[in-house]
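Chain by chain, the residues:
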Amino acid sequence: MQGGFSVAISGYGCACSLGFTRDQVTRSLRSGSAHVVPVDLFSVEGCQARTAAQFPASPAELAAAIHFPAGRWSRAAQSVLVVLAEALQNRANFQPDVVIVGTTSGGMDFGEAFYRRAMEGGNLESASRRVRSYLPQTPVLDALRVLGIRAPVRVVSNACASGTNALGLAWQLVRSGRANRVIAGGYDTLAQLVYAGFDCLKASTSELCRPFDAGRSGLVLGEGAAFFLIEREGDTKITGYGSATDTHHLTQPHPSGSGPAMAMRRALEAARCEPGAVDYINAHGTATLQNDACEAAAIQSVCPKAAVSSTKAMTGHTLGAAGAIEAAFCAISLAQDFLPPTLNFRNPDPGVTLDLVVNASRPAKSRRVLSNSFGFGGANASLLLESA
Amino acid sequence: MSPLGHILGTGWVTPYGRSVSDVCHKIFDGQTPPSEMLEIAGHTWPCYRVDPSSLPETNAFPRLRRSGKISHFALTAAIDAVVSAGLTEDEKSQLPILFATSDGGVIYTRRFFTELDARGPGAGSPLLFPETVYNAAASHVAAYFQSDREATAMVGDAAVALSAISAGCELLSQGLSKHVLIIAANECDAISVAGYSRWKFLCQTPDDPTGNIFSEGAAAIVLGPPRQRKPALMWCREGRPHFSRKEAGDSLREILTHPSVPPPWIFASCQRTPLQEIEQEAIGHLDGKIFDVKKSLGEGLAFTAMAQIVAASHLVETSSQSALVTVLGFASGTAAASLSCR
Numbered sequence: 159m160q161g162g163f164s165v166a167i168s169g170y171g172c173a174c175s176l177g178f179t180r181d182q183v184t185r186s187l188r189s190g191s192a193h194v195v196p197v198d199l200f201s202v203e204g205c206q207a208r209t210a211a212q213f214p215a216s217p218a219e220l221a222a223a224i225h226f227p228a229g230r231w232s233r234a235a236q237s238v239l240v241v242l243a244e245a246l247q248n249r250a251n252f253q254p255d256v257v258i259v260g261t262t263s264g265g266m267d268f269g270e271a272f273y274r275r276a277m278e279g280g281n282l283e284s285a286s287r288r289v290r291s292y293l294p295q296t297p298v299l300d301a302l303r304v305l306g307i308r309a310p311v312r313v314v315s316n317a318c319a320s321g322t323n324a325l326g327l328a329w330q331l332v333r334s335g336r337a338n339r340v341i342a343g344g345y346d347t348l349a350q351l352v353y354a355g356f357d358c359l360k361a362s363t364s365e366l367c368r369p370f371d372a373g374r375s376g377l378v379l380g381e382g383a384a385f386f387l388i389e390r391e392g393d394t395k396i397t398g399y400g401s402a403t404d405t406h407h408l409t410q411p412h413p414s415g416s417g418p419a420m421a422m423r424r425a426l427e428a429a430r431c432e433p434g435a436v437d438y439i440n441a442h443g444t445a446t447l448q449n450d451a452c453e454a455a456a457i458q459s460v461c462p463k464a465a466v467s468s469t470k471a472m473t474g475h476t477l478g479a480a481g482a483i484e485a486a487f488c489a490i491s492l493a494q495d496f497l498p499p500t501l502n503f504r505n506p507d508p509g510v511t512l513d514l515v516v517n518a519s520r521p522a523k524s525r526r527v528l529s530n531s532f533g534f535g536g537a538n539a540s541l542l543l544e545s546a
Numbered sequence: 036m037s038p039l040g041h042i043l044g045t046g047w048v049t050p051y052g053r054s055v056s057d058v059c060h061k062i063f064d065g066q067t068p069p070s071e072m073l074e075i076a077g078h079t080w081p082c083y084r085v086d087p088s089s090l091p092e093t094n095a096f097p098r099l100r101r102s103g104k105i106s107h108f109a110l111t112a113a114i115d116a117v118v119s120a121g122l123t124e125d126e127k128s129q130l131p132i133l134f135a136t137s138d139g140g141v142i143y144t145r146r147f148f149t150e151l152d153a154r155g156p157g158a159g160s161p162l163l164f165p166e167t168v169y170n171a172a173a174s175h176v177a178a179y180f181q182s183d184r185e186a187t188a189m190v191g192d193a194a195v196a197l198s199a200i201s202a203g204c205e206l207l208s209q210g211l212s213k214h215v216l217i218i219a220a221n222e223c224d225a226i227s228v229a230g231y232s233r234w235k236f237l238c239q240t241p242d243d244p245t246g247n248i249f250s251e252g253a254a255a256i257v258l259g260p261p262r263q264r265k266p267a268l269m270w271c272r273e274g275r276p277h278f279s280r281k282e283a284g285d286s287l288r289e290i291l292t293h294p295s296v297p298p299p300w301i302f303a304s305c306q307r308t309p310l311q312e313i314e315q316e317a318i319g320h321l322d323g324k325i326f327d328v329k330k331s332l333g334e335g336l337a338f339t340a341m342a343q344i345v346a347a348s349h350l351v352e353t354s355s356q357s358a359l360v361t362v363l364g365f366a367s368g369t370a371a372a373s374l375s376c377r
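Each protein sequence line maps, in turn, to chains A and B. The first sequence begins at 159 in this note's numbering and counts up one residue at a time. The second sequence begins at 36 in this note's numbering and counts up one residue at a time.
Any given hint might turn out to be false.
[Said to hold, decoys possible] Facing chain A, according to a computed beta carbon distance under 10 Å, are these residues of chain B, among others: (1) MET72; (2) LEU73; (3) SER89; (4) THR144; (5) ARG145; (6) ALA173; (7) TYR179; (8) GLY191; (9) TRP234; (10) ARG275.
Bear in mind the hints are in silico, worked out from the structure with no lab data behind them. Positions of the beta carbon are idealized from the N, C-alpha and C atoms, including for glycine.
With these hints in hand, go ahead and build the complete structure from the sequences.
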């Protein structure tokens, strides 16, 4: 690869079911707490699953405190504003060359509302005011405008790998010298269409999310956002990124784990890092039968000695935000010297021989950590972070 | 100025067919195809549709048996672009794919949500939902070419097509790939036209003199190393987002500040829309002949922005001249690109 500039995270913000600030999230990660609750944002009648990792409160009040009209924005836009404001705290002069954002569903709740209004007949022009907030770029454009940033925005929508892809593309730009400063991250909030979608695929569970457990029965959806200021200097370095497409099936990974393994290897090769030098992997770990089996096979083939956990039992699967949120967890892990746990773990899966961090966080001084994200369409992405 | 890459192959699926030269001829003549009507909740709008019989390869590809139209369009355009670029089997399997779209699989999304709305959230179809994800088409294209490289979907207004080209150029410039396939696609559904009504860039009737007729299709290019007589992509820039007509003009002017040579031809994006005047003002000083792709191909958002690139590439390749492509999107996106064969 041309260039070879160092790439680092100089600031970030993160919000999910564990809290709206980095400090809140760090405390919850360390203590191993979760916030999975019955869904009260929309009807889940008839769904097999009934719970989700919702934000601990509506982000409306926090958003309105930053910019009063944001109290009426979409939930997605509110969370993006809150998180971007935290990322830019004390960095008011940070003007990126480009902003790269991962999401799967944008302001879907507003899209759903528009659909219902349109089907009722009546004034479409009035109803279509909601469509602007449905567009995936709108939450980010609106938040950036409030925060005084005007840069081109690229929206990556590669299903559940989107957040990691966004960070990876930012890494490529800064490393090659084609950009000096990038804001990158991801967001997604809960929406009925997406909730029903995972439910009808029988990917969601009606009980607890138990990643890598022998009795795992599916994922719990969540919501959140994380954004990073990426430039040449900072507390955490991004040293490698790899992506790969598994062409086996639109929604099912190849059982061998070849796609995830390829993404991990490419990230390590980009960083010129030996697999044995990876201390910890924040796994995609959705707790579906297929994902965890295939990811475990991939990790066993690439980094068998690394400690591994999935934080999705705590945060739920935040889809397009997951890669960004979990990269934030990796940065927290490096800075705070602990590994976050895989909650709800009861029985080892005989097919999974990983060094799993289960049920309680583990004190550990890590140097290199890998964050995995995989998604529909065979999208696989891995990001390597190192302490500076 | 060194080119960012060279356009080695192009392909498209349009309401006027698949032949790049035939469709370009119609565009340059200002012809318009017959329109059909879309209807939802008592409202109707005209649209230009793709003839499904023009997609035999994808209809025969098993993975697309149940997929949405957008995936068929994207793959067909991709196949034609890759064939015209003359890539080897080995090169195809090493192709990174960038897929740009504005609405994604909107037909399946609307159908899926209609089911939920009518029968309850527990009654969604597991066949429809996976095809609603924005990257479904990119995944199918990767599967067709058996490429294990990145297949990245990007979403936005029309300008996203040029953002995807920029992202593709970055892969080339960093030495991460020899070739890159970039596709943009759109499919027609009445819910989209209904949603866009407030921006007033779409025709309400077939004879409406303001706006463009909503349309569907896909366009694709293969970028790679220099090859004789193939157009060079001299630059491709994304502008700052705009929230007003003034900002739209400023944003476009900013990225057009230093075009190296004033182009004889300009493929503009906003004819007959509320942004036409703004775009014309921004490009007026360049004094080039302005081409109107959307009169013939309609407004297909990301698809027609990429179609502007394909049409410009065809003209540049056949004339050994240069061309400018400008895109002002309805939702804040701005981008422009310059092509040359000099």
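How the hints compare with the structure:
Taking 10 Å as the C-beta cut-off, the interface hint given for MET72/B is violated, the closest approach to chain A being about 16 Å. For LEU73/B, the interface hint is violated, the least distance from its beta-carbon to any beta-carbon of chain A being 12 Å, above 10 Å. Evaluation of the SER89/B hint against chain A yields a violated restraint, the C-beta minimum of about 24 Å exceeding 10 Å. The interface hint given for THR144/B holds, since its Cβ lies 7 Å from the closest Cβ of chain A, which is under the 10 Å cut-off.
Taken as an interface hint, ARG145/B checks out: its beta carbon lies about 7 Å from the nearest beta carbon of chain A, inside 10 Å. Nearest Cβ of chain A to the Cβ of ALA173/B: about 6 Å, under the 10 Å cut. The hint holds. A cut of 10 Å between beta carbons decides the hint on TYR179/B: the least distance to chain A is about 9 Å, and the hint holds. For the restraint placing GLY191/B at the interface with chain A, the shortest Cβ-Cβ distance is roughly 5 Å, inside the 10 Å limit, so the hint holds.
Because the closest C-beta pair between TRP234/B and chain A is about 8 Å apart, less than 10 Å, the hint holds. A distance limit of 10 Å between C-beta atoms decides the matter here; for ARG275/B the minimum to chain A is near 4 Å, and the interface restraint holds.
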